Amino acid sequence: MLIRTATLEDANHICNLMAQLGYATSAGLISEKLETFETEALDQVFVAESGGAVCGVVSCHLTSLFHQDGSLGRITSFVVDEEHRNTGIGRSLIEAAEEFFQRAGCIRSEVTSGEHRGDAHAFYKSLGYVEDERRFIKAYS
Numbered sequence: 001m002l003i004r005t006a007t008l009e010d011a012n013h014i015c016n017l018m019a020q021l022g023y024a025t026s027a028g029l030i031s032e033k034l035e036t037f038e039t040e041a042l043d044q045v046f047v048a049e050s051g052g053a054v055c056g057v058v059s060c061h062l063t064s065l066f067h068q069d070g071s072l073g074r075i076t077s078f079v080v081d082e083e084h085r086n087t088g089i090g091r092s093l094i095e096a097a098e099e100f101f102q103r104a105g106c107i108r109s110e111v112t113s114g115e116h117r118g119d120a121h122a123f124y125k126s127l128g129y130v131e132d133e134r135r136f137i138k139a140y141s
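Numbered per the working numbering, the sequence shown spans residues 1 to 141.
Treat the hints with care, as some may be off.
[Stated by the list, open to error] Derived DEER-like restraints, expressed as beta-carbon distance ranges: (1) L29 with K138: 18 to 28 Å; (2) G128 with D69: 19 to 29 Å; (3) A19 with S141: 34 to 44 Å; (4) G70 with L127: 29 to 39 Å; (5) A104 with G128: 27 to 37 Å; (6) Y23 with K138: 33 to 43 Å; (7) S50 with R134: 34 to 44 Å; (8) N86 with L65: 27 to 37 Å.
Simulated from the structure, these hints should not be mistaken for laboratory data.
None of these values were measured; they are calculated from a predicted model.
Each residue gets a CB set at the ideal place from its N, CA and C atoms; glycine is no exception.
Using the sequences plus the hints, can you model the full thing?
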């Protein structure tokens, strides 16, 4: 297994992984995002590759904290292919994200996970994440 920075060639694979979580996206949109992220130091996307195939992805974003020193690292997407779960790939992807955050001077990281994703919650807790606060969102059309 190899963890590496995502490339434009990974867009279709990433799109398929997102579909496993129920997110309808397109390879075109993923390509646009990856292209933008190439020049932005605030974002990073890592993929896991096994047997030459992309089998996991984690996207990361850095946010300045207004009220204290340091930054916040946010995992904005994370998925491991259904057939590769519970093999250590997810842990390796999260470790890559955390290394990125720590190199960038983050004082903590966070991830949001839907209420119905109990297995994901247990996974994050096994990595030292704790459930904290409540999130409010407002969608714009």
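Here is what the structure says about each hint:
With their beta carbons about 22 Å apart, L29 and K138 fall inside the hinted range of 18 to 28 Å. Under the hint 19 to 29 Å, the C-beta atoms of G128 and D69, about 22 Å apart, fit the expected range. The beta-carbon spacing between A19 and S141, approximately 23 Å, falls outside the hinted interval of 34 to 44 Å. For the hinted restraint 29 to 39 Å between G70 and L127, the CB-CB distance of approximately 20 Å leaves it violated.
Our hint of 27 to 37 Å for A104 and G128 is violated, since their Cβ atoms are close to 19 Å apart. Judged by the Cβ atoms, the range 33 to 43 Å given for Y23 and K138 is violated: they are separated by roughly 19 Å. Separated by about 36 Å at the C-beta atoms, S50 and R134 satisfy the suggested range of 34 to 44 Å. Judged by the Cβ atoms, the range 27 to 37 Å given for N86 and L65 holds: they are separated by roughly 34 Å.
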